[in-house]
Amino acid sequence: MRWCPSLMLFGFLAAVNALSSSGNRLLVVLEDSAEKGLYSTLWGDLEARGYNLIFESPKNEQLSLFELGDRAYDHVLLLPPKSKGFGPSLSPKNLVDFIDSDGNVLLALSGKSTTPSAVSSLLLEFDLHLPSDRSSVAVDHFNYDTLSASEKHDVLVLERPGKLRPDTKDFFGGEGVLAIPSASPHTLGDTSLLAPILRAPATAYSFNPKEDAGSVEDVFATGSQLALVSALQARNSARFTLLGSVESLQDKWFSASVQAPGGKQVETANREFAKQLTAWTFKETGVLKVGKIEHHLVKDDLTVEDLNPTIYRVKNETVFTIEVSEYAYDKYIPFEVPANDALQLEFTMLSPFHRLNLTPTKQTENSTVFSTQFTVPDQHGIFSFRVNYKRPFLTNIEEKHEVTVRHYAHNEYPRSWKISGGWVWIAGLWSVIAGFLAFVVVWLYSAPTSAADRRKKTQ
Amino acid sequence: MAESPVDVLLKGSSGQSTRGLLKVIILVTIAAAAVSSRLFSVIRFESIIHEFDPWFNFRATKYLVQNGFYDFWDWFDDRTWHPLGRVTGGTLYPGLMVTSGVIYHILRFLTIPVDIRNICVLLAPGFSGLTALAMYLLTNEMSSSPSAGLLAAAFMGITPGYISRSVAGSYDNEAIAIFLLVFTFFLWIKAVKIGSIMWGALTALFYGYMVSAWGGYVFITNLIPLHIFVLLCMGRYSSRLYISYTTWYALGTLASMQIPFVGFLPIRNSDHMSALGVFGLLQLVAFADFVRGFIPGKQFQRLLTASIILTAGLAFVGLVVLTMSGVIAPWSGRFYSLWDTGYAKIHIPIIASVSEHQPTAWPSFFFDLNFLIWLFPAGVYMCFRDLKDEHVFVIIYSVLASYFAGVMVRLMLTLTPIVCVAAALVLSYILDTYLKISSGPVTRGRSNEDASEGLRSARTPEVGITSYFSKAATTSSIIVYLLLFVAHCTWVTSNAYSSPSVVLASRMPDGSQFIIDDYREAYYWLRQNTPANAKIMSWWDYGYQIGGMADRPTLVDNNTWNNTHIATVGKAMSSREEVSYPILRQHDVDYVLVVFGGLLGYSGDDINKFLWMVRIAEGIWPDEVKERDFFTARGEYRVDDQATPTMRNSLMYKMSYHNYNKLFPTGQATDRVRGTKLPAESPQLSTLEEAFTSENWIIRIYKVKDLDNFGRDHSNAVAFDKGNKRKKATKKKGARLLRSE
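Going down the list, the sequences are from chains S and A. No gaps in the numbering here: position 71 of the first sequence is 174 in my numbering, and each next residue is one more. No gaps in the numbering here: position 538 of the second sequence is 1263 in my numbering, and each next residue is one more.
Do not take every clue at face value.
To be verified - Here are the simulated lysine to any residue pairs, SDA-like style, with alpha carbons at most 20 Å apart:
# : chain 1 : residue 1 : chain 2 : residue 2
1 : A       : K1447     : A       : L1462
2 : S       : K196      : A       : A1259
3 : A       : K1447     : S       : A221
4 : A       : K1430     : A       : A1416
5 : A       : K1430     : S       : A221
6 : S       : K493      : A       : A1416
7 : S       : K503      : A       : A1259
8 : A       : K1447     : S       : D203
9 : A       : K1447     : S       : P412
Stated by the list, open to error - Here are a few chain S residues that sit away from chain A, every Cβ distance over 10 Å (derived from the structure):
#  : residue
10 : H244
11 : P299
12 : E420
13 : T462
14 : I485
Stated by the list, open to error - Stretches of chain A that chain S covers, calculated by requiring three or more beta carbons in the stretch to come under 8 Å of a beta carbon on chain S:
#  : stretch
15 : 1042-1051
16 : 1433-1447
Read the hints as simulated data drawn from the structure, not as lab findings. Glycine included, every Cβ here is placed at the ideal spot set by N, Cα and C.
So here's chain S without its partners, still in its complex pose:
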């Protein structure tokens, strides 16, 4: 098959043209193909953004996330399983391996069905906790949709989330309200890799509709401790997003009108939010790329040999520059550090000797060049330039460049006569030498006449 390579080449070109920064093969795991129609707008949106959607049922025994030890897909979208789990090919171990090899996963759950224990144990590995009955929904008696859930109060109407912290970027904000129907809520453990995208309002709580209604004792969690959408960004920057309500992705809720108690009737912004959520999870946004890293001595005429030397000397003046770009949907743009935050450089040996803010000095078409200048500390050893920038929703920058810092060589100290304090000793030294020579001369010239001469004289 001679056309096979060219076809493959074409495939690669397609991959290059894809919108995501990490590939376009998206596996959608859908148990009931009849439900596919419920999400047609979402599929359309994804395909319009360049994804190559592959629909599979978890029951398919041919399904495998890996092929010949390599990832077979770039991203996985998991819709809630109907049965006890996702089956052997999508076991927690396989999913963990998939994320370990840089795959991204969006897992959607639903409060309408009981979450399988396999999924719950997978989430436990990520320090995401589901209620122990695994079939609770988030209920709020103050922020519900009066049109569709006037009785159950399980369709939450929420403002779109803002910034997580003042020093982070906002990837999910915007105008409008979100409708989150029958969401399975979860809580987050205390690891820095996790970040909530959408939290429940302060008046929400988790409620199991299958138990006898009425009083709620020993509630799982309440208020904003309950998260409805959360993200885990692993240390390799692979992303895992947990969406509590799969229904919010349905066509029905993309264009529904909702009305909060005492509010006006408005259109939902679910479609926009779904776009933001999938874009972030599948690495269309919040992806940082480090370009050129250069460090060198402060010097006027730099040549190529002067760049990135492996060895410095103590007290050298040094410049460090790093080029960072950010991926925004379809192209790299110059990265701008959020206000209140700074990209920092550490010069470390065991512990940082310098921790300096990197300032943007130059901006190219698709990157920002940050740089700083500092004096190498007066300590020899094996140091490293480290840029360790890990922020929620941004991929990790962890750069470590080892350099040796050596001591002064024997001929790099100032010469003795350049040290004015040493003149006394230099003068002493030379005066002793001169004195000795003078003494020798005097001694030789004043030698007593030898005995023979003396005898001659007396005669």
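Given the coordinates of chain S, work out where chain A should sit on it, guided by the hints.
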């Protein structure tokens, strides 16, 4: 007497040149014997650098040859002591490397391309030949008999006490230092005897060379002043002493200060103060002597003596004050341990942990010196008989060196030369007395001037041996001893001192040789399979070898300059994984290497050295590492079922015994060094994973895992990988843990 043709050769002027020729031939033969007896290891194994320190010297020599002298001088080594690095050029004795570098370049200049490794391997045997020559010269100064020097040279050439440090491949500082030591002493004796500035200057020159080659130069720095001091106390002041000592001290101190590692030590360190003090004292004595020539008054002389003693006393007080105030560095720990053998064990475990710093066991004196050791006191006695200045030197040297050799095993090396001198003096005396076939001219005992009133027979007593039987008996027994000595030396050299210790040899049950080459196997594995910048952590013993053979950066090595860094490694080895892992991460460790002898019964393994790691770590972190926790309640050091939990959770124990039980049927795992049964369950490692285990399990290498991708504990991640389901987050009593951004 009829003149036989032999007599023509042996008498008169032609006899002299015949003797000269014979001496040259004998000396060359001795040198050849010295060299060849050191080649066992090359013939048995291969031309390879031995042991530990030589690997560093070899690596440094290669650096010198590749980068030139000035780069070597300013060498900052970033592949040891990660991440501190070592200012290697300024913290080593460059003499050895420069010597081989010079030989290398000379050979290249003569268009003889020799591999630098071969020069390094054969340097020690080569210099041992020179040592034999220097020994001949030194002993010749001590005795009028021509045979003494030749005997001493022969002894020095083959005595195991010296061979132990100079077999082929033992490329250590001592290889050239012993030659320099002996030769410097020869020049010194010559200078004292003649009182010439030239010989004094030559002494200083070779002393400078010695300083550049070995830290043991301090022995010379203290022995020569002591010699002068004793001579002064004996009332033997003369201008010869003044000239030779001041020349040596002034030039020698300047020469020694040129070595960066020594620097200002000669004027700042207590070890060197005796030389300075004697220098000052000698000036005072010379001045007093000068003044005495002009002023005859006896009382004035007394006053002079008193003032000299007073000045000396004041100088001593000044020295004490300066030491107390810190201007002069106090005695080093190694020095204290010379006087108090228990000192190091309490205060500096790192010094005590080195086997060659242990006190000497008495059989090793016989093992290393054979019959020389019992001739030694007789030789010292011989020196008392005609007590010239040089004989005083031999006596002082013998006393000091015997003491030091008793304190530290490695100082046997400094004792050996003087034992050879003393033994040669005795033997030559015996042989001179007994070997003469004719009774010869009778030596006269006392001159009969003062004994004129005694018995007639006592007036001209005939001294000498006349009986052929006693001559024959004594001579033949001496010859038997000499032959036994040669046999002993050869046997010791071939059996005890010729193992490279990088390659181990053992015997199979059928008697065939079995080569255990695990060290090189593992080091080459590291060399071939890890990135060039992978940091290897191991106990410091293996640092030089990893640097030399595997060419990988290490955390600590045999240059134990930073006790805290070594203690850090000790702590990582002796703590639980949860404690060790952050230490490993902080120091960028990629691989951990341990030596495990349990399978083969190789007793020099890390579990046996483990207590030293614990002790050294305890010295820095007494609250976190406790030696007591590694012993059972009954005070036993155990590795089996009854081992303490601290022991069984320590990283070292886990790395040593990880998966070891899989080699045996269930429950049968035995450790052949400790001779105990091991627990049925293998220790579980979660932060490290096994990367390599050598053929005989002597070297085990573990890779340090990266942080978990999902921020889990390593133990949880390992449990998940094994398929164990995580327990539901246990319901904690008390307040709920809330998360806030």
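Hints, verified against the model:
1. Taking the CA atoms of K1447/A and L1462/A, the gap is near 29 Å; set against the 20 Å cutoff, the hint is violated.
2. At roughly 30 Å between alpha-carbon atoms, K196/S and A1259/A are farther apart than 20 Å, so this suggested pair is violated.
3. Under the criterion of a C-alpha separation no larger than 20 Å, the hint pairing K1447/A with A221/S is consistent with the structure, at around 15 Å.
4. The hinted pair formed by K1430/A and A1416/A meets the criterion: a straight-line CA distance of about 11 Å does not exceed 20 Å.
5. As the CA atoms of K1430/A and A221/S are separated by approximately 27 Å, the hinted pair breaks the 20 Å bound.
6. Straight-line distance between C-alpha atoms of K493/S and A1416/A comes to about 31 Å, which puts the hinted pair past the 20 Å bound.
7. Restraint check: the Cα-Cα separation between K503/S and A1259/A comes to about 14 Å, which is no more than 20 Å; the hinted pair holds.
8. Proximity of K1447/A to D203/S is assessed by CA-CA distance (about 16 Å); at most 20 Å being required, the pair is judged to hold.
9. Between K1447/A and P412/S, the direct Cα distance comes to roughly 45 Å. Violation of the 20 Å bound is thereby established for this hinted pair.
10. The claim that H244/S lies off the interface holds: its Cβ sits roughly 22 Å from the closest Cβ of chain A, which is beyond the 10 Å cut-off.
11. Its beta-carbon lying about 8 Å from the closest one in chain A, P299/S breaks the requirement of being farther than 10 Å from that chain.
12. For E420/S, the non-interface assignment is confirmed: its Cβ lies about 19 Å from the closest Cβ of chain A, beyond the 10 Å cut-off.
13. Non-interface call for T462/S relative to chain A: holds, since the shortest CB-CB distance, roughly 27 Å, exceeds 10 Å.
14. Separation of I485/S from chain A is inadequate, the least Cβ-Cβ distance of about 4 Å not exceeding the 10 Å criterion.
15. Closer than 8 Å: that is the beta-carbon criterion, and the stretch 1042-1051 of chain A has 0 residues meeting it against chain S, so the requirement of 3 is violated.
16. Residues of the stretch 1433-1447 of chain A lying with their CB closer than 8 Å to a CB of chain S number 8, which satisfies the three-residue condition for coverage.
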